[in-house]
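For the protein sequence lines, the chains are G, Y and P, in the order given.
Each residue of the first sequence is one higher than the last, beginning at 205 in the working numbering.
Each residue of the second sequence is one higher than the last, beginning at 205 in the working numbering.
Each residue of the third sequence is one higher than the last, beginning at 205 in the working numbering.
Please keep in mind that the hints were generated in silico from the structure rather than gathered at the bench.
One or more of the hints may lead you astray.
[Unchecked claim] Here are some, though not all, of the chain P residues that point toward chain Y, as calculated from beta-carbon distances under 8 Å:
#	residue
1	THR311
2	GLN550
3	ARG552
4	GLU562
5	TRP589
[As the list claims (entries may be wrong)] Chain G regions said to be covered by chain Y (calculated; three or more residues, Cβ under 8 Å):
#	stretch
6	484-491
7	494-506
Ideal placement from N, C-alpha and C gives every residue a C-beta, glycine not left out.
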Amino acid sequence: MKDIGHQLHDLIRRLYPICRSITGAGLRETLHIIREQIPIELREVPSGTQALDWIVPREWNIRDAWIKNSAGDRLVDFRKLNLHVVNYSVPIKARMQLAELKEHLFTLPEHPEWVPYRTSYYKESWGFCLSEQELQRLRANEDYEVCIDSSLKDGYLTYGELLLPGDSTEEVLVSCHVCHPSLADDNLSGIAVAVELARILGQTARRYSYRFLFVPGTIGAITWLARNEQVIPRIRHGLVLTCLGDQSPITYKRSRRGNAEIDRAFAHVLRHSGQRSDVIDFFPYGYDERQYCSPGFNLPVGCVMRARHGGFPEYHTSADNLDFVRPEALAESLSTILAVIDVLEQNRTYLNRKPKGEPQLGRYDLIKSAGNEKERRMDELALLWVLNLSDGEHSLLEIADHANLPFATVKDAALSLLAVNLLTPR
Amino acid sequence: MKDIGHQLHDLIRRLYPICRSITGAGLRETLHIIREQIPIELREVPSGTQALDWIVPREWNIRDAWIKNSAGDRLVDFRKLNLHVVNYSVPIKARMQLAELKEHLFTLPEHPEWVPYRTSYYKESWGFCLSEQELQRLRANEDYEVCIDSSLKDGYLTYGELLLPGDSTEEVLVSCHVCHPSLADDNLSGIAVAVELARILGQTARRYSYRFLFVPGTIGAITWLARNEQVIPRIRHGLVLTCLGDQSPITYKRSRRGNAEIDRAFAHVLRHSGQRSDVIDFFPYGYDERQYCSPGFNLPVGCVMRARHGGFPEYHTSADNLDFVRPEALAESLSTILAVIDVLEQNRTYLNRKPKGEPQLGRYDLIKSAGNEKERRMDELALLWVLNLSDGEHSLLEIADHANLPFATVKDAALSLLAVNLLTPR
Amino acid sequence: MKDIGHQLHDLIRRLYPICRSITGAGLRETLHIIREQIPIELREVPSGTQALDWIVPREWNIRDAWIKNSAGDRLVDFRKLNLHVVNYSVPIKARMQLAELKEHLFTLPEHPEWVPYRTSYYKESWGFCLSEQELQRLRANEDYEVCIDSSLKDGYLTYGELLLPGDSTEEVLVSCHVCHPSLADDNLSGIAVAVELARILGQTARRYSYRFLFVPGTIGAITWLARNEQVIPRIRHGLVLTCLGDQSPITYKRSRRGNAEIDRAFAHVLRHSGQRSDVIDFFPYGYDERQYCSPGFNLPVGCVMRARHGGFPEYHTSADNLDFVRPEALAESLSTILAVIDVLEQNRTYLNRKPKGEPQLGRYDLIKSAGNEKERRMDELALLWVLNLSDGEHSLLEIADHANLPFATVKDAALSLLAVNLLTPR
């Protein structure tokens, strides 16, 4: 069996060629492939539906697009790379010279071999993206045939949703966007990790219920929020997943609250990971945390990523390709998120039942660590810290942070003390 | 027309020769010259009046003073430099030898060419200040004629006051001391900047009312406070102006509250000024902020200065002269204070009217910046920050500080959003 | 008369040879010697008494112990060094070969000349501690005679207690452990400093009542806490004394509260001491602060030490001997603690009776410092700070910390202002 990193990379490779957008067949095909892996439900929301301050747009579909020279050669070809068409371009079929065409062409002069990714969701227009090198080859007095065989019609916005019920109806929200076409890190890595996360959590006992959203960016999150006001009060923690396959260190962006349990849990796990990582404050741009953390919702939803939104050269270009994402990075992202979820699942606040003086620990049959001297010492410290801070004001995560011990050590100490009746749930 | 820095310097030059004190003709003459520029009212408070814990002293006036040698030469001459007489010296006319005279002579041995500035307001005495060089020239067995032609009689303490009414009766207090004789930075620079500030604010629409005080140090502020208890609850912000013409970077000394809006506004403006500057905590010595920030009033009044109270060699010496203050420094001080006042005038707290999710900004006719790409990006960020933090808990200044954006950018974003009805005043 | 450091060292030297434990004759003898110096009362608590979660153990006594070779030479001899016997060893008399004996021998291979200190209070066993060098001299096929002439029988746990009543029934607790045998720093230095502290405080007027505890570690503190629940609410401040004679800088370990007055007072004194020192946060291991700061009591009790619990090579070894503790270090520890107690005794919160504006200080007969210019300036600043911050919200210690002035300067200023009726107790 392949290791988990390669499994994740395989799913990314399968999804990569599809021309996704915020609506349409490519989006639906993507969700169908996800549904082969985990039992998401597909939601279809008609064009024109009001969602908070937004209106669901018409559905966009595309079959083909090209720029041909007078010899009929496809110089720019949608079938080779779907980034070549400005996403949501209206249909066009025309002949024109370079001067006129140029207003519809987009390149990246600072990276002459790369093709940019562009969209025009909410303003009708059309255009092609190509490399600066390709642009340079076009000639001024040539007659070009331009075709975008697309359609923009009333239809539906589609998104996928999966609820894994837990012991509690309190929910953990996991959200990723599914609207970017052939971009591997910014979109597909988040999808792949979310799918695997859902599969793993689906097979384990869960304290919390987990809700996975596979939504078109912005409009998808907005639409879900508009349709689920009754769910929102149950959301205790949340994560937006994006850009999890590149080789940058993991960055966690805090929720707008700044000190939510998810914020402290993620910071804790990263601090004890032994890897370079970063924790940054919330800001109101980036991915769908913008919506979940808008002031009217203010949900405890953070964002986990490696390379940062807009902060790497390959961002929104053809260079964000299958080589840019690595199995090891995907696997590490997944395991980090699982470690954070483990903290959320296990974190509780207990009361020391013998708070006056220390209990005579030698009299209790406390589970002894099988570890070495240093580990046994850490286990003993953890027992003392848990007893000392279990005054009803400190959760295990807060105790771990205060004592600068790994959460697992503190949690194990608490379970030992619970077993001998020295602790009680608050 | 002269630039503003030179205008300010001209006023300083005109006021420089006058022998000011905490009472008397020089003080009155100074206030009359100010009244030529802005419509201050002069208040006269009789000697003996109780003001809080203080008593208004007798009025001091001086016509002439000298030390003559036996040949009748004026070796120390009040008419050449009014600092030569200890301010508030009682009258004396006597002959004495150097040994006796020396007890009444004050010099600065570490700066042998400079004459110190000394006062004896609340203890009857007399004395002369002279340079160490001048002192060295006096001879032990010479007979000196000493004369101070002063008077100390019941009269009045005088101060100037100007109220510029605004839309609100809430007030901004601007206070400077007017009691130092020929000292250019420590006194006259503050006066000149305050006069110009009053002129400019007098010509513009004002949210707040502005109250300018031109008061003798300590006793003047104490007297005003004693007579205006009913005004005090209306004071929302305040500044003491002093030492604004030298070439040190601007220092803002916080109010006793430490986090008043004036404190945050001044720190914000300095942080974004691109100039070296400093913000320091309140301490209970310095200028009249001591009185405004005494615990029974605890007003939100900070102090703006360049060189600091007692912290520069020229402090309270003849070297604090017309060369020590520079037009450019005066102009920069003025413009900084105006920028701070602009923040106070414009700072408000708004509510996002569509707090759930982001509004679909593309559907609104938002004023577009005419600036470059970077400026447009900053304007867009400002829109998002204002929407995200306009939950009724954050003023525009707090949003600007949180987002690390200039106040003006945030304020413009708020006005744009207000115009399209996405914001409402709290 | 000897200086105080040597007096303290003399007491340590006298106590050093005694074989102390958590019960028994050596402990009693130690307390009797302390009682020669200060009028402590001895408490005897029967074996088997329940104390919080603990049970007072049987009383341990020992007369002699040795390991003899077949020639009858005492190779390991309790009479030469009482650390040679594992404290609380049960009696044994047997002959055995090295292989069997080795399971009962403890050395410190990393310090081959030192003998470790070991205990087995709550688990019946026996053993010898010896140097690695001594161990190396034992031979495999030699027949050794082993004897521990000890007894473990129902008896008593003994501790000493002294209450020095003060003006208030509010108490300062001073606690040290008295259960370690021949260890000079870890035990005897704390005892010696506590004895001298009690003698000095016994001769002075006291605002607070002072309670000195000389208790066996852990079980002694637990027993006292169990028997004195009615006293506990009166404890305002407390200190555990330990390891005060070595040459490390002084370290203060904060109480669990972290910002108790004792914590701020100790940090203040150390900050102004001109010596290297350290202040560290509470953690739930170390000395009896563990018990006083358990969550059910959470007393404001810190711990003062030089070398830190478990943090120096000599810790719990024969190298913690009479050479390891120095008269100068003992004297400095004592004077530092006295300075902290002076802060506690003098710290109060006053109200400025003329809080509006500054009082006209020149009109009051304020005590003038006899010091130099810099000291007089500091005294004047202290007057201004005390007036400005005596709003009922700031104690003198808080004012001193805020103004970065020594407590004594601030306290003297307050007393001056109190004398002229400008302050009043809150």
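For each hint, the structure was consulted:
1. Against a cut-off of 8 Å between C-beta atoms, the interface hint on P/THR311 is violated, since the closest Cβ of chain Y lies about 58 Å away.
2. At a threshold of 8 Å, the smallest CB-CB gap from P/GLN550 to chain Y is about 21 Å, leaving the interface hint violated.
3. Checking P/ARG552 against chain Y: minimum C-beta separation of about 17 Å lies over 8 Å; hint violated.
4. Taken as an interface hint, P/GLU562 checks out: its beta carbon lies about 6 Å from the nearest beta carbon of chain Y, inside 8 Å.
5. Against a cut-off of 8 Å between C-beta atoms, the interface hint on P/TRP589 holds, since the closest Cβ of chain Y lies about 6 Å away.
6. Counting residues of the stretch 484-491 of chain G whose CB lies closer than 8 Å to any CB of chain Y gives 3, so the stated coverage by that chain holds, three being the minimum.
7. Restraint check on the stretch 494-506 of chain G versus chain Y: 8 residues with Cβ-Cβ distances below 8 Å, three needed, restraint holds.
The structure shown violates the earlier hints numbered 1, 2 and 3.
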